[in-house]
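S.K.: Chains as they are written, first to last, in the numbering used here: chain A, 666 to 953; chain B, -10 to 473.
None of these hints come from the bench; they were simulated from the model.
Treat the hints loosely; a few may be bogus.
[What the hints assert, rightly or not] Restraint-style ranges between C-beta atoms, simulated for each label pair: (1) A:A704 <-> B:I28: 53 to 63 Å; (2) B:E429 <-> A:D935: 40 to 50 Å; (3) B:Y185 <-> A:A780: 52 to 62 Å; (4) B:E429 <-> A:G925: 25 to 35 Å.
[Said to hold, decoys possible] Not close to chain B: a few residues of chain A, all C-beta gaps over 12 Å, as computed: (5) W684; (6) W697; (7) W698; (8) A709; (9) V713; (10) V715; (11) T766; (12) A780; (13) D806; (14) W808; (15) E818; (16) S865; (17) N900; (18) H947.
[Claimed, not checked] Taking lysine-lysine and the DSBU-like style, the derived pairs with C-alpha atoms no more than 30 Å apart in a straight line are: (19) B:K460 <-> A:K765; (20) A:K904 <-> B:K173; (21) B:K61 <-> A:K673; (22) B:K173 <-> A:K769; (23) B:K143 <-> A:K769; (24) A:K765 <-> B:K417; (25) A:K765 <-> B:K386; (26) B:K470 <-> A:K798; (27) A:K769 <-> B:K386; (28) B:K470 <-> A:K891; (29) A:K904 <-> B:K470; (30) B:K261 <-> B:K248.
Think of the CB as a built atom: it goes at the ideal place given N, C-alpha and C, for glycine as much as any other residue.
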Amino acid sequence: MAHEEIDKVSGVATTGHEWDGIKELNNPLPRWWLWVFYACILFAVGYVFVYPAVPLASSYTKGLLGHSQRASALAETAAGQAARAEVGKGLANASLDDIKTDPKMLEFAMAQGRAAFGDNCAPCHGSGATGSKGYPNLQDDDWLWGGTLADIEHTITVGIRSTSEDTRMNDMPRFGADGLLDVKQVRNVAGYVLSLSGGSVQGADVEAGKQIFAENCTSCHGEDAKGLQELGAPNLTDKVWLYGGDEASVINTVTYAHRGVMPTWGGRLDPVTIKSLAIYVHDLGGGT
Amino acid sequence: MRVDENVTTGGDSYYAAAKKNYPAAVSGRLRTIKWSVLIITLGIYYFLPFIRWDRGPDAPGQAVLIDMAGRKAYFFGVEIWPQEVYYLTGLLVLASVALFLMNAVAGRVWCGYLCPQTVWTDLYFAVERWIEGDRRDRIVRDRAPMSVGKFVRKATKHLIWLLIAVGTGGAWVLYFGDAPTIIKDAFTGNAAPIVYIWVGILTFTTYSLAGFMREQVCVYMCPWPRIQAALTDEWALNVTYRFDRGEPRMSVRTGARAKEAGASVGDCIDCKACVQVCPTGVDIREGMQLGCIQCGLCIDACDTVMTKVGREPGLIGYDTDMNIARRQEGKPAIYRIVRPRTVLYAALIVIIGGIMAYTLANRAFQGVSVLHDRNPLYVTLSDGGARNGYTVRLINKRPHERHFALTVSGLPEGFAVEAQGVAAAGGKPVVTVPPDTTREVRVLVMVPGSVALPASTPIDFYIVDTENGEKASTSDFFRAKPPG
Chain A
666 MAHEEIDKVS GVATTGHEWD GIKELNNPLP RWWLWVFYAC ILFAVGYVFV YPAVPLASSY
726 TKGLLGHSQR ASALAETAAG QAARAEVGKG LANASLDDIK TDPKMLEFAM AQGRAAFGDN
786 CAPCHGSGAT GSKGYPNLQD DDWLWGGTLA DIEHTITVGI RSTSEDTRMN DMPRFGADGL
846 LDVKQVRNVA GYVLSLSGGS VQGADVEAGK QIFAENCTSC HGEDAKGLQE LGAPNLTDKV
906 WLYGGDEASV INTVTYAHRG VMPTWGGRLD PVTIKSLAIY VHDLGGGT
Chain B
-10 MRVDENVTTG GDSYYAAAKK NYPAAVSGRL RTIKWSVLII TLGIYYFLPF IRWDRGPDAP
50 GQAVLIDMAG RKAYFFGVEI WPQEVYYLTG LLVLASVALF LMNAVAGRVW CGYLCPQTVW
110 TDLYFAVERW IEGDRRDRIV RDRAPMSVGK FVRKATKHLI WLLIAVGTGG AWVLYFGDAP
170 TIIKDAFTGN AAPIVYIWVG ILTFTTYSLA GFMREQVCVY MCPWPRIQAA LTDEWALNVT
230 YRFDRGEPRM SVRTGARAKE AGASVGDCID CKACVQVCPT GVDIREGMQL GCIQCGLCID
290 ACDTVMTKVG REPGLIGYDT DMNIARRQEG KPAIYRIVRP RTVLYAALIV IIGGIMAYTL
350 ANRAFQGVSV LHDRNPLYVT LSDGGARNGY TVRLINKRPH ERHFALTVSG LPEGFAVEAQ
410 GVAAAGGKPV VTVPPDTTRE VRVLVMVPGS VALPASTPID FYIVDTENGE KASTSDFFRA
470 KPPG
């Protein structure tokens, strides 16, 4: 290294290293820079001992501080839940209508309801609550068992054809499958039902269908076919069809009937969560 | 050009120890300017947070405040929301163009007078001179063995430095909360940990950068000297040693003898006063260089010496290499501050500043933003009509509660607008937004089944202040089942 050769152009000493006549100049790095480099190495060594660092066969070195991102995340979650319980207390004692008109409680209930919906309801009703064939769309204005806050809360609590003793329940006969109506009659009554909302069934005698409807269906669906929410009987005059509103679907429904099931959430979710869910679902498309 | 004068190029080592500078005291015109700038800038920095500004009972009463928790920034009468961060961008653009303009006029004015690194280092030098004496005393003391007197002086110096450093960090945190409260909390141990952490960080950086790193920051860490060198031109005034006048340099006595012999004699008497006062330890006589922050203290030092030996001052001055060359050719020096480059920079400052001032003066104090539901895009209702859901956020930037009537346009007659949890007045939902905040409401727009709509209809949302008619609007779409 002890080369005293000075580069003529720059006036700087060279290191003595030379490649094909190109010489490396020695513009020395500040000494403190070197110390910073050593300090970084020391920091890295210290880090390895203080924090989790080295992966082992089935574990890893825990570090002197015992720091764990998982543990701190769990602690933060617990703290969040504790804070939520505090606000939740207010919800427990408030009526649904009170919550709906108090912006603070409403915001909290909506947030909790949205989360609870995603966890518990979305598998059937969809993440957007639009449902699918056989699973009611909760966004629209058609409510089988009623769309008021109290109705929705009750439906969530007891479920439909669920294991709860108070479950909401109805029992549409399998008109075709059980021989109550023959194929022709089924077609006629389907034709009448669809005609109420502007549709039609090929080859159906609507007048005959109206007669069959009056004899078999009005006890639940009503004289005007607008349904009866106490019984969960759907309105047949609107454009919303849970099991499909085309010819084949309606004939199929009259023939076999459908018995959708919704579990009871009363024992599974706490009352505050159910309240929040009712608020959230009502906000989607609830009404009457 | 030798890159770094502070480093002794040891032939053998690839590393060089930094050479400690002992800048001597100097007085003169530029030193006075530097003192004034130091007092003004530090004065602003330390006392600005204490200025009060009444914004009403619910808003902070500090003139300059960055309220992280409230997500607002306050500057006297101006209140900036996070979505208006482009004002900050505008300020930064303005600052950089101003830097370019300074550079085009007089080189590294920023480095020499305004840069925090320069200002705080200058303050630290002043403390050092006050406690340890001027250049010669400091050199002698540093070479002497440790004694009680030396220890006491050194300890006192570091204590004062640390106090300044703590004050620097302490003032910084005052911009992020109510200054008197933070000071009280900090001294009683009740302040948030983040306060102590930031005071600690800035104490460390101030103490180490101004006390120890000093010119190393300018030479090795700062990008501006490199950018500046690429931006400068031959017209920019730089602190220049007028070698046409100064060379050949020789002492007064040798010069007198040489003059008698008929040789040419320069004005520089090689007293090295310019080198001794330099805070970064460069020799300006070697020309422009990376280590020179162009503070002009060498000008003061040289002028003092020139006056003393009865020669004309100005051997070192703000000048250009071009003028030196012209003088050597016998042409008069030319100075041109007003030239296309400076005019362009000045015009840019005026335009950008003007646009910012205009938008600031004319910005709306309310706003509305709309997010269409993603899932579902539309809901078919029992009458065959369609309903779309929107998340609407209303913004009220005024310090009092306001009521906004919400309307929608762009749909055929017969549609209805409902805001969840909001009462309607005159057929329109009227949303109450608390002072200085935003409110989010879910809005449902319904079109009856009797109205045929395409798959997508452009619509507009309007909010109108029911009291003074101030409005805001935004556009979105109404989706429906595709026809057919």
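S.K.: The output says T766 of chain A does not contact chain B. Does that hold with a beta carbon cutoff of 12 Å?
M.R.: violated (7 Å)
S.K.: For the pair supplied as a hint, K765 of chain A and K386 of chain B, confirm whether the alpha-carbon distance does not exceed 30 Å.
M.R.: holds (26 Å)
S.K.: Does A780 of chain A really sit off the interface, with its C-beta more than 12 Å from all C-beta atoms of chain B?
M.R.: holds (16 Å)
S.K.: Decide, holds or violated, for the assertion that all CB atoms of chain B are farther than 12 Å from the CB of S865 of chain A.
M.R.: holds (16 Å)
S.K.: Is 25 to 35 Å right for how far apart the beta carbons of E429 of chain B and G925 of chain A are?
M.R.: Because 34 Å falls inside the window, the suggested range holds.
S.K.: Run the distance test for K143 of chain B versus K769 of chain A: straight-line Cα separation, threshold 30 Å.
M.R.: violated (60 Å)
S.K.: Would H947 of chain A pass as off the interface with chain B, using Cβ distances and a cut of 12 Å?
M.R.: Non-interface label on H947 of chain A violated, nearest chain B Cβ at 9 Å vs cutoff 12 Å.
S.K.: In terms of Cβ atoms, is chain B entirely out of 12 Å range of W697 of chain A?
M.R.: violated (6 Å)
S.K.: Compare the distance between the alpha carbons of K470 of chain B and K891 of chain A with 30 Å, and conclude whether the hinted pair is satisfied.
M.R.: Satisfied, since the Cα-Cα distance of roughly 24 Å is no more than 30 Å.
S.K.: Far enough from chain B: is every CB of that chain over 12 Å from the CB of V715 of chain A?
M.R.: holds (18 Å)
S.K.: Quickly compare the C-alpha distance for K460 of chain B and K765 of chain A to 30 Å and report which way the hint goes.
M.R.: holds (28 Å)
S.K.: Would the pair K261 of chain B and K248 of chain B pass a check requiring their Cα atoms to be no farther apart than 30 Å?
M.R.: Holds, at roughly 22 Å.
Of the numbered hints listed earlier, those contradicted by the structure are 1, 2, 3, 6, 7, 11, 13, 14, 17, 18, 20, 21, 22 and 23.
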